[in-house]
Structure formats: structure tokens, C-alpha cells
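**Student:** So the protein lines, in turn, are chains A and B. The first sequence begins at 949 in my numbering and counts up one residue at a time. The second sequence begins at 3 in my numbering and counts up one residue at a time.
These are computed hints drawn from the structure, not numbers from a lab. For each residue, glycine too, the CB sits at the ideal point set by N, CA and C. Careful, some of the hints might be misleading.
[Unchecked claim] The list that follows gives simulated cross-link-like pairs (lysine-lysine, DSBU-like), each with its CA atoms no further than 30 Å apart:
1) A:Lys-1007 x B:Lys-110
2) A:Lys-1046 x A:Lys-1144
3) A:Lys-1144 x A:Lys-1007
4) A:Lys-1144 x A:Lys-1084
5) B:Lys-110 x A:Lys-1084
[Unchecked claim] For each label pair, taking beta carbons as the anchor points, the in silico distance ranges come out as:
6) B:Gln-55 x A:Leu-1051: 52 to 58 Å
7) A:Asp-1198 x B:Ala-83: 14 to 20 Å
8) A:Ala-1072 x B:Ala-81: 17 to 23 Å
Now for the letters of each chain:
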Amino acid sequence: MCVTCGCSATSDAHGPGHDHDAHDHSHAADAVLPGARGFGVLRPTTTRTVSVEQDLLAKNDRYAATNRHRFEAAGVLALNLVSSPGSGKTTLLVETLKALAGLCPAAVVEGDQQTSLDADRIAATGAPVVQLNTGKGCHLDAHQVGHAAESLPLQRGGILFIENVGNLVCPAAFDLGEAHKVVVLSVTEGDDKPLKYPDMFRAADLCLITKSDLLPYVPFDVARATANAMRINPALECLTLSVMSGAGFDAWLAWLRREVAVRARMSGPLAVTDAGARA
Amino acid sequence: MHEMSLMESVREIVEQTASQHGARRVTAVRLQIGALATVEPEALRFCFDVVMQDGVAAGARLEIETVPGSGWCWDCGEAVAIAEGGAGCPGCGGYRLEVTGGGDMRVKDIDLGPEQESSTCA
């Protein structure tokens, strides 16, 4: 191939000015260097712009689409729990798994920079769990989650909880193939958080305001927090609850039941599931 | 620092494209970053040199073009410009907005060559 013009000619009579069968043209004479055996050796002297038009997240999004297809075909509700560190995601999960025990099959992917402490807490409830350690990474990506889910039983009518790394910024950008992002905001954090970290509240479908039993002790206004969150994302649902007192917990379980039913219906009567084989 | 992960994606896309075109050197990389995208252009610039090191785009120029944010205001019933994440409708000041543009991050195009080594026309 001629590297100067990109054509596929193989002629060895190829000087600065030359003909190809399909087209005639000249290359600049200064681009030609002496070559062996009479061949012209060409060195391109100009840059050329090549259109790329590729999304930076395209690769992650392809893995996410595969995950989503798998979860939907299995009739499983996949939820991506996101929040800043310390909002109570793991405690919420532990109590939710206890409440669902015997009623709804659930599995968990735990994401943390280091340790398996959270996975140990989840495992103590009897739920199958895989711990992902991201090391220096600040978020889970769809490729990691896809592999983690391979070793978990996905049962129709069940739930896969993905507890993301505690970080209210980066995980907003990475689709994991979940049905919904659920953003957890504790009352000890401040009701202006949705305005300060809008990306996550825009990406989420449900906002859980947790630790409501502490409301008498902190200057957190639930109505203001909800208004701020909905200012960022008018379609966001908001629920307030306390795992400690149990207040509002039933509404969260009702939300889960509703979404589980939607996913199970979407998978259709003939859906192939992973249930049983590895459960 | 998800900018590092994003820049790793840029490197992968750039190297694939250069390889597809038989190029051994990339001299410029142009990104289009939406004003509402979940990334800071300055943080991307910071990562660029580090991530591109020792690769086909080592020493390349990075150009970042900002794509303005746009959306639909449910109260005004029309398409509006959105200056930044969390900003209200420029018409009514309300927040019932749906983002329709300016959320993407793309590699728009790259400049290839000139080659550092001579190539044989065969």
C-alpha cells in the first residue's frame, strides 16, 4: 500500500509523480527519500485529521448493556446503591436482607476500596455476596460487576443489590447495568447536598433519606432536602426512613416489591433464568 | 479521580484509531466535553500527559471543546439552554428541567503523523 496516498497500488514504478490505474496524482517531491532496489520510500510530511466520534464511556456502556440484558432476562431487579461514605448503606442493606429473608431471593455485590468488612456483614445475613475491592479506584465499573454477578445466583423475582464505593461524585458516570440508581442521603450530611453534588441526584431514580431517628439532634430539614433533590431531578422519588427505629422502612420495602414485580413481568413467561443451578 | 479512568479510555480509543490507520504517531487529540458532563475539563488536562506517556500520543496536544448544556423546561414547554448542572430555566427560573444535551464526553477526532520513521511503499 502507498502510505502517502493510502491507495492499494503495488506498482514498483512509483516515483514522486505517478499513476495508479484508478487515479492519477503527484506526491510532493520532498516527501521522497532514496530507497533500495529503485523503490521510492515515502515519508508523509503532513498531519491528517481522522474523525473518531467515540464516547469515552462507550466501553463501560457496552458492558453495562450486557449486564442489563442479563439481569432483565433473568427477571432480577438490579439496584446500584450510591452515596457518600458513612450514609448507612451497609446497615440499610443488612436490615433489608433480614426483612426480605424467605420472601425474596437477594444477592449482593459489595464495592469498597479495601477490606471485606462489608461483605462479612452481608454474609452474616445468609445472603450470597461478592466483595469487589477497587484499590485506588473510586467507583465500580460495569466490567467488574458483570464478573461478580457471574458467581451469584440470579433468581427470577429476586434482587441484586450493588453497593457502590462510598463516593457521591464518580459513580454517577458509570452505568453498571442496573435498573435504578438509589442514592442514599443521611440526615447527618446536610440538606443542601443534592445541590452540591447534583450529578448523582440527577442519575438516581430513588433518594433514601436515612437516619431519620437523628432528626431531633441535627439541623436537617427533610422538606428542604427533598425540594433540593427534586430541583435537580424532578422525576426523583424520595423516601425518609430510619433503620434503627424502623420508621419509613415499610415504604422502602413496598418500593422494592413494586419494582421486583415490574422486572419479573418484563422477563416474560419463557425467560431463561439462572435460578436453581447455582442457588 | 474518575478522570484517570476516562483518560485511559481516551488512550484506548486513540491507540485503536491510530492502529486502524497505520499511524505510529498522534499529534493532537480533540475532545468534546458537555457542560453538564460529570467531569472537570481541567482535571482531564491534568491526567492527559501522564496517561498518554510512552504511547502513540505521547507529547500530543489536547484540545477540549465544550458543548453547551441544553434541556426541556416542562413549565415553559420549550427547549432551553442550561448553563451548568443545577442551574434553573433561563426563561422562568424553574427547575422542572430535563437535560437533553451537553452531558456527553467524546473523542471528536485526532491528528495523525507525520511519521517519525520512513515507510516503504510496496
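**Student:** All hints, please: hold or fail.
**Tutor:** Each hint, compared with the structure:
1. A:Lys-1007 x B:Lys-110: holds, 16 Å
2. A:Lys-1046 x A:Lys-1144: Violated: A:Lys-1046 and A:Lys-1144 sit about 33 Å apart, past 30 Å.
3. A:Lys-1144 x A:Lys-1007: Distance ~29 Å between A:Lys-1144 and A:Lys-1007 Cα, so the pair holds.
4. A:Lys-1144 x A:Lys-1084: holds, 24 Å
5. B:Lys-110 x A:Lys-1084: Holds: B:Lys-110 and A:Lys-1084 sit about 29 Å apart, inside 30 Å.
6. B:Gln-55 x A:Leu-1051: 52 to 58 Å: holds, 53 Å
7. A:Asp-1198 x B:Ala-83: 14 to 20 Å: Roughly 43 Å apart at Cβ, these two residues miss the hinted range, so it is violated.
8. A:Ala-1072 x B:Ala-81: 17 to 23 Å: violated, 52 Å
This entry does not satisfy hints 2, 7, 8, going by the numbered hints stated previously.
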